[in-house]
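> Below, each chain spelled out in residue letters.
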Amino acid sequence: MAMIEIDGLTKKFGKFSALNGVNMSVNQGEVHAFLGPNGAGKSTAIRCLLGILRATSGRALMFGQDAWRHAVELHKRVAFVPGDVNLWDNFTGGEVIDLFLSLNGREPDATRLKTYLERFELDPTKKCRAYSKGNRQKVALVAAFAGDAELFILDEPTSGLDPLMEKVFQDSIVELKSQGKTVLLSSHIMSEAEKLADRVSIIKDGKIVTSGSMSEISARGSSLEELFLSEYGRV
Amino acid sequence: MFANFGKYFAFICRRERLSSPIWLLSIVCFAVLCASAYPGLLPDKASLIGAMTMMNTPAMIAMMGNVYGLGAPTQAIAMAQECLVWFLLAIAIMNVFLVNRHTRVDEELGRQEMLIALPVGRMTGSVSALAFASALNVLIAAFISVGLIAFDIDGTTVSGAFAYGGVIGATGFLFAALTLLAAQVLSTSRGVAGIGMAALGLSYILRASGDVSDNALSLISPIGLGLKIEAFYSDDPLPIAIILAEGIVLAVGALALNAVRDHGTGIIAARRGKSRASRFLRSPFGLARRLVRNTAVCWTVALFVIGCMYGSVASDIEDFAADNEMVSQFLEAAGGGTMTEQYIAMLFSVMGILCAVPCASSVLRLRSEESRGRLEQVFARSVKRSSMFFGFVVISFAEGFVMLFATAAGMVSASGGLIEFGVTLQSAFAYLPALWAMTGCAALLVGALPKLTALVWAMIGYSFVAIYLGLLLDFPAWTMQITPFGHIPQLPVDEFSFAPLVAISAIAATLTAVGAWRYGKRDIAQ
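Order-wise, the sequence lines are chains D and V.
Residues in the first sequence are numbered from 1 upward in steps of one, following my numbering.
Residues in the second sequence are numbered from 1001 upward in steps of one, following my numbering.
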């Protein structure tokens, strides 16, 4: 079953087209890498999927339902981590995590929360003002993983993490996969995508130019990085 | 320990090339221009004696300090009496921010770490910041003194001008040293600024209570002590010497602590925050409430204090009106009723507009959260657009009520029973629909025209000009009628009428509804 189904999605900001008919689908239980350089349209597509931006035309479905119209209901089953985590200076990390978890209408599960705080070595008593970029990223990751979402939409979630935390992140994704959860992972770190992904979509100028499973790609005898660079004409 | 002081000092000068000259120019120009206004304000002996007598009332003493030189009043004495305390406050604020900016803020953001890694002494930063602040204070003191001598209003003496400038400079130095000490003790820049401001507030309050009851409390306060120079009268240099000595003691203490503590820490460790969110924070409404809470509390206190200030002069209202042409014109324009009733009506026509500022700013907070990229994560959860929108709007509606109540309560409580609570509340709450209309405008802009939210400030600014100056200068009636504030009956002078209040409330509700509808349909974007 397709957890995400995007069909001819177009988004215009004035005259500028950020998305030009994006088509892609993400199946249940897979980790789907969404690749593209900055400005290719990854974040715009994700924001349309989350009902934060309204598509100019085309459809975006999650769990088979319209992502804009049913946003509030659908989000109960979704967790999101943005690439640029902006938080409130005078809230503590713990307050933000609790707030984000509660906004889905359920009380946070204290043991799960504790597990992830320990895994990511995050001090929840510090004010967000005092967190580094990596620590703000961890706040968003803990808030995502400590809930019980079915679909994880992660927009360059590891951009500020150190190698140790990158490893913790990758282990957590593998764990989610073993639990049958679905992950859409936007990234421009090829090694990360290569390690985690089952399937890949590459976006260029607001269009999906390649998609396929990792086994197809390796059968062609090229690495993910080579494929990506060739799509962008850099080989 | 002090290696590379010269280069570090030059580095601070470069970083300060914009903000310090602005502070210097504004304080000096303001001080000199204030003085230059006195020959026009108090041209003769009679007006001087009237003004000094007016200042010799408890409310005025609490605000501006004890009166001196009643026997031989001059324009210079009256000027120092009314102005000096405000410049002491201003220079103290300048020094708190200045020293904090170059010490704890740098340390907190990790900038100072890079500098210390260079061949720079551990104390170089503190000493340079203090030296820069001292130099700036000396310049301001000198410019003010010379400026006052140059304008030479009646009663100006060279010793008086230097005492006046000198005490401003010395107070600045004392607060610079105090901030430097706080920057060693506390580990957050907010804490340091907070201590500086709290010390200043406490000095002002101690001075007010000491001056009113004539006891030693005002000598403990540096502000109170500073006023004891009695500029242009006794020109006593002793207070300046004591303030400087206090500053030196604090500075030495600060440097001693700086020499022994670890970089990046304070003597007192930062408090740990809450590890969990309270029950009240865990909803869209709770989030909205928390985001506007601090600003709303500050406004409530500020409006209460302003109310107190106006209420405290209620007993002198007739003298006040006789002395001040603007007030008497305003009162005449307001129509019938007793003097006190007219005063209440006049005050609320202005205070009502001021109360609209926090109401509008609460709604606009929704937009500034969006442009800072914080709402994406909220709306990526199971949160309705309308619950965030109405969270802020409902708070803003309630704020209108609270702000008017705080103003009224301040007026009544400081009036010594002259102003009646019931009458004042009626007059105040008549403005609720107008405040709601401003909330509605802000809501419409946030929902439908998020790039133009500043228009609401234009509306409020226009209302103020049209109402305040319109009455004085006889603007045509329509200029007042295009703002909701022009339709509010000015109780208790005007007849109460229901119709405009209902109509304005209905408009407010419509604007809000359209805003909410548009907000649900549009992109959330930076």
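I should point out that these hints are in silico values taken from the structure, not numbers from a laboratory.
Note that the coordinates shown come from a computational prediction; the quantities given were computed from them, not determined experimentally.
Heads up, the beta-carbon is just placed ideally off N, CA and C, and yes, glycines get one too.
The reader is advised that the hints may include incorrect statements.
[Stated by the list, open to error] EDC-like, lysine to aspartate or glutamate: derived pairs with alpha carbons at most 16 Å apart:
hint: 1; chain 1: V; residue 1: Lys1521; chain 2: D; residue 2: Asp89
hint: 2; chain 1: V; residue 1: Lys1384; chain 2: D; residue 2: Glu73
hint: 3; chain 1: V; residue 1: Lys1274; chain 2: D; residue 2: Glu30
hint: 4; chain 1: D; residue 1: Lys181; chain 2: D; residue 2: Asp89
[As the list claims (entries may be wrong)] Partial chain V-side listing against chain D, Cβ under 10 Å, derived:
hint: 5; residue: Glu1016
hint: 6; residue: Gly1069
hint: 7; residue: Arg1272
hint: 8; residue: Ser1382
> Take the hints in turn and mark each one as holding or not.
Against the structure, the hints come out as follows:
no., hint, result
1, Lys1521(V) <-> Asp89(D), "violated, 29 Å"
2, Lys1384(V) <-> Glu73(D), "holds, 9 Å"
3, Lys1274(V) <-> Glu30(D), "violated, 37 Å"
4, Lys181(D) <-> Asp89(D), "violated, 32 Å"
5, Glu1016, "violated, 24 Å"
6, Gly1069, "violated, 48 Å"
7, Arg1272, "holds, 4 Å"
8, Ser1382, "holds, 4 Å"
Of the numbered hints stated above, those contradicted by the structure are hints 1, 3, 4, 5, 6, listed in ascending order.
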